[in-house]
Amino acid sequence: MPLELDISHLHYSQVNKILRDYIEKGEREFILRGVNGHRYLFAGISAEIKAQLYGTPGLDLGAFMRGPEIRVFGNVQDGAGNTMDEGKIVVHGMAGDVVGYAMRGGKIHIYGDVGYRVGIHMKAYMDKVPVIIIGGKAGDFLGEYMAGGIIILLGMHSIYPERPLAGLFLGTGMHGGTIYVRGKVKESYLGLGLKPYALDGEDEKILEKHLKEYCDDFGLDLSEILKEDFIKIIPYTHRPYGKLYAY
Amino acid sequence: MWNLTLRAKEISGCGIAGIIHKKGELIPGEMILKAICCQYERGNGLGAGFAAYGIYPDLAEYYALHVMAQNRQALEKVEEFLQKNTFLNFQEPIPTKRVKTIKNPPLFKRYFVKPKLEEEEAEFCNLTAEDDRMVQLVMEINEKIEGAYVISSGKNMGVFKGVGFPDEIAEFFRIDEYKAFIWTAHNRFPTNTPGWWGGAHPFTILDWSIVHNGEISSYGTNRRYLELFGYKCTLLTDTEVVAYILDLLIRKHGLPLELACKAMAPPFWIEIDEMPEEERELYTALRILYGGAVLNGPFAILFAYNGGLVGLNDRVKLRPLVAASKGDLYFMASEEAAIRAICPDPEKIWAPKAGEPVIIEMEEGVIPNQKSYLKPRPVEVREDALRIGYIPPSLFSGK
Amino acid sequence: MGTPQFASFYPDFYIERLWEKCIKCRRCVKECSYGAHIWDEKKKTLLEDHTKCVGCHRCEAMCPTKAIIIRRHPSEFREHALWTPWFIKNIYKQADQGGVLLTSTGCALPFKNYFDHLVLDACQVTNPPIDPLREPMELRTYIGPKPEALEIEEVNGKFRLKKKLPPLIKLEVPIMFAAMSYGAISLHVHQGLARAARDLGTLYNTGEGGLHASLYEYGSNTIVQCASGRFGLHVDYLKAGVAIEIKIGQGAKPGIGGHLPGEKVTEEISKTRMIPVGSDALSPAPHHDIYSIEDLRGLIYALKEATEYKKLVFVKIAAVHNVAAIASGIVRAGADAVVIDGLKGGTGAAPTMFRDYIGIPIELAISAVDKRLREEGIRHRTSIIASGGIRSSADVVKAIALGADAVYIGTAALIAVGCTMCQRCYTGKCPWGIATNNPELIKRLPPEVAYEKIYNLVKAWAHEIKEMLGAMGINSIESLKGNRDKLRAVGLTKEEMEILEVKHAGE
Chain A
1 MPLELDISHL HYSQVNKILR DYIEKGEREF ILRGVNGHRY LFAGISAEIK AQLYGTPGLD
61 LGAFMRGPEI RVFGNVQDGA GNTMDEGKIV VHGMAGDVVG YAMRGGKIHI YGDVGYRVGI
121 HMKAYMDKVP VIIIGGKAGD FLGEYMAGGI IILLGMHSIY PERPLAGLFL GTGMHGGTIY
181 VRGKVKESYL GLGLKPYALD GEDEKILEKH LKEYCDDFGL DLSEILKEDF IKIIPYTHRP
241 YGKLYAY
Chain B
248 MWNLTLRAKE ISGCGIAGII HKKGELIPGE MILKAICCQY ERGNGLGAGF AAYGIYPDLA
308 EYYALHVMAQ NRQALEKVEE FLQKNTFLNF QEPIPTKRVK TIKNPPLFKR YFVKPKLEEE
368 EAEFCNLTAE DDRMVQLVME INEKIEGAYV ISSGKNMGVF KGVGFPDEIA EFFRIDEYKA
428 FIWTAHNRFP TNTPGWWGGA HPFTILDWSI VHNGEISSYG TNRRYLELFG YKCTLLTDTE
488 VVAYILDLLI RKHGLPLELA CKAMAPPFWI EIDEMPEEER ELYTALRILY GGAVLNGPFA
548 ILFAYNGGLV GLNDRVKLRP LVAASKGDLY FMASEEAAIR AICPDPEKIW APKAGEPVII
608 EMEEGVIPNQ KSYLKPRPVE VREDALRIGY IPPSLFSGK
Chain C
647 MGTPQFASFY PDFYIERLWE KCIKCRRCVK ECSYGAHIWD EKKKTLLEDH TKCVGCHRCE
707 AMCPTKAIII RRHPSEFREH ALWTPWFIKN IYKQADQGGV LLTSTGCALP FKNYFDHLVL
767 DACQVTNPPI DPLREPMELR TYIGPKPEAL EIEEVNGKFR LKKKLPPLIK LEVPIMFAAM
827 SYGAISLHVH QGLARAARDL GTLYNTGEGG LHASLYEYGS NTIVQCASGR FGLHVDYLKA
887 GVAIEIKIGQ GAKPGIGGHL PGEKVTEEIS KTRMIPVGSD ALSPAPHHDI YSIEDLRGLI
947 YALKEATEYK KLVFVKIAAV HNVAAIASGI VRAGADAVVI DGLKGGTGAA PTMFRDYIGI
1007 PIELAISAVD KRLREEGIRH RTSIIASGGI RSSADVVKAI ALGADAVYIG TAALIAVGCT
1067 MCQRCYTGKC PWGIATNNPE LIKRLPPEVA YEKIYNLVKA WAHEIKEMLG AMGINSIESL
1127 KGNRDKLRAV GLTKEEMEIL EVKHAGE
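Protein chains in written order, with the working numbering: chain A, 1 to 247; chain B, 248 to 646; chain C, 647 to 1153.
Bear in mind the hints are in silico, worked out from the structure with no lab data behind them.
From the three backbone atoms N, C-alpha and C, an ideal C-beta is built for every residue, glycine too.
Any given hint could be a false lead.
In silico DSS-like pairs for lysine-lysine, Cα to Cα no more than 27 Å straight-line [stated by the list, open to error]:
#1 B:LYS618 - C:LYS808
#2 A:LYS25 - C:LYS956
#3 C:LYS689 - C:LYS712
#4 C:LYS804 - B:LYS564
#5 C:LYS956 - A:LYS50
#6 C:LYS885 - A:LYS128
#7 B:LYS324 - B:LYS361
#8 B:LYS499 - C:LYS809
#9 B:LYS499 - B:LYS269
#10 C:LYS956 - A:LYS17
#11 C:LYS1149 - B:LYS479
Label-pair restraints from in silico Cβ distances [to be verified]:
#12 C:LYS1140 - B:GLY477: 24 to 30 Å
#13 C:VAL765 - B:TYR287: 35 to 41 Å
#14 C:GLY1137 - B:ARG421: 53 to 59 Å
#15 C:TYR1003 - B:VAL628: 44 to 50 Å
#16 B:PRO523 - C:ALA859: 37 to 43 Å
#17 A:SER188 - C:ASN1102: 57 to 63 Å
#18 A:GLU187 - C:ASN1102: 55 to 61 Å
#19 A:GLY34 - B:VAL628: 32 to 38 Å
#20 A:ASP229 - C:TYR1003: 46 to 52 Å
Excised from the complex, chain A in its bound form (with noise of 0.2 Å):
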């Protein structure tokens, strides 16, 4: 049985003090009502748990933590997964910006739109490999600064139908990583010097390996996403400014 707890009236240093002490004495499932603004929910927690939250979690949702499983039933404010290290973060909405920075590993699966500089800087080494999936559509600055892990943008779940699939200065600076984008982005809108490429046969793999558990999360089919063709985005050099400077 998870815990249940109303956490309205509470401050969320008081909230993650609470769910610190549980997780101490054992405690592996909660459920969080009355979640609104409270900042901060599951930072640099380490631990193997699992969390529904009803409501709106506030800035820097699961910052710096290491393990646990938050699904939100709502839409979540910016800084969601901020230098997230591993677990995972399930949004039954939508998201605000800069979902993501930074991000070390664990997953963050957002069934709508996600706001601006999503996924900055995101970093992966060896088998540490962060990943994002979107599945509605991203503002400017999608995975600017990639070092490293997977973006995926699906872009179906939207309820912007007058936007672009992704925003302006798509993976500018990306010098690791891989974006997946389901369907086309005009050129224009990648950063400087990157261009779309046909997946292989590998990126399929991890595509579907990926998707399978996003569409498991949000009870999607999986078939329908992958009626449409994807691109992937990957960076031109390790070293995109390598050029830039005069010794």
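Given the coordinates of chain A, work out where chains B and C should sit on it, guided by the hints.
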């Protein structure tokens, strides 16, 4: 012009003396005069002064303002200011005597007042509000009215000071005509700014009065620290700084006297490190918070208030201080001889340890408006300048 | 013939070989990581490529017969007050390569150095100087947030604290080691700094490149840095030290992020930073979660929450025009200490224009920030840490008298381990084994040597500080803090003195 002479901080060496009667019996002025004159060599004729407690028993409920003025006009301005801001009960010139060696003394007058308070404050009618207002008014006069200085402003006490040797100043102010339950006196040896009557000791704020021997090398740090709490150091002397630190630590922050003294002359870290845990935490915190209040450099001070006399010297004993007692009389002075001059056979005579205050409070209930600072009191709350850093949980609903 | 490379025509340095002393042992060839010394196998002789010489003096120092002298290249341009060789050569470089001029260390221009225009006071007669060898002299300093007043209670006749203080950091000497990342400098230097910090009772700063596993044991003497690139930043790292420093900017390059050139991103660095080998480790100019002061509060509290309020959070900014207002905002945002890095602060790599022309001198910044925080009645609630161009113990004393609680030293610590200020840290080829990760080069500076030199330097400075305090007649450092009475200006303008809140000598 007085103000123009005050460009640099005063530096002076000195001799000090103090007497208190624990039961509040009155001590004649000749006694303190004898004690301070015995330390004649410690001064150079450029300043002396006396503080006397218990001299205005009939007007004990009023703040006695001793005002020193350069001329009539300055006094008139002070009077205008007082009319506006206080209830004035009584005023008179401070009686003086012509002394041959004292040339062109300033004018001295005393006013017995209560400050007018804003309606809101008046409702509470608390003494703190009155004290605070009085401090403000004194600062305002000292800062804004040219040629006029309030040299003391406590209840039932007063300061008499000026340029000259102690015997000359005593004669000028007719010290032998006063009787007090606490006396302090000062004999000054300044290195500069001769002719500045305001530079003589004691310094006061409300009923705190201080006489001081030595130079405080941390003056610049102390002054800046005090400014954080709204104190304006206009007189540019070490002693003024001591007065305000006492006011801040004891009156506003509610520290017990002993700890306030320890804040000014703290134990060394090597001593603190070896204390038992609770004590170590206390002294560590005291040093961390009140680093700006540490009086560094050589000093011995005597400070008095309505109810007590305290002697304190610096933590490496760079200035002398001797204490003695006989019956209900307690004595403190720079030199043992000063005490022996007025009490040849004390029951006890001792040299206080460096940084260890000698605190003599009167017995309870022996004088009007008696104060005691032996116990900790609540901190006077002021608006937290950093309150944005803390959201009161009571107001929190999610943010 | 390709396009001529003008810059290569005019080398900066000249390698002079004293043939009568040279034994052709080829040590110089081995020592020079830039390839300026060449062994001609055919002619069995040594050659020099002056264009490659960076003036690091490694060969000169290591030559067993002292047969090498490194000089400025004697070739001269016609004198011109405006178009000095510096500007001419820079233009050649840029015309050749079309790039941003890159350099290392701190501002190299002869802007007025205010420390050199401030003199200290000493006691004569009216109060006694103190001899620190025989009498107590306290340098202990606490960094962190302080309440305004103590609440005391009396229990069984004894006074005790009603409420304990929040966590604070104790420094036995008010000198800490500035952020220099693992990557920018070698692991050996980091190890030396960490050990020296522990033995001196002070702190070193990891910089933004993460923390090597071997350094976790020095946690209680460690400040971990959180910069915009968030390299090597995870929960264990955040909890590893006693404080977390949010790096907003640094004096050497205000307004831009850190830059570890790809040459220095080796396998080991790639692992801690989680970026591809050989790629430039770029930190974004801003923290992308901080676009405004309220966002800074956001990150401060995110870090505090993540570390359960057990760590102090410092915020480091470059000293820029509005430094006073910014610092006040930082304190109000909840930072436990403000770090100000001045114009002269060093770096492993910065665009030359940034290094030399952006930011303001630290002396003015300290005074301005101290004054502002005092005016706002919050100076006593926080700590100011100053850095950027602290070269001696007298600079430390002056910085504290201007209002700092403690200082960081970076360049000085590197010079202590042998740096000759050749200003080529960005190449990753540091022949002294300091600013490099080349496994062969780092052997030249073993951690024990780094430790010993750094320890000695700070020990010596600490003693000098005690002597200077003693001469001023104060026996604990808190009485120096903000004490402008101990300073006098020599050769400063009225305005400068007003900003520094000091009087002129003779006043």
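Violations among the numbered hints
Every hint satisfied by this model.
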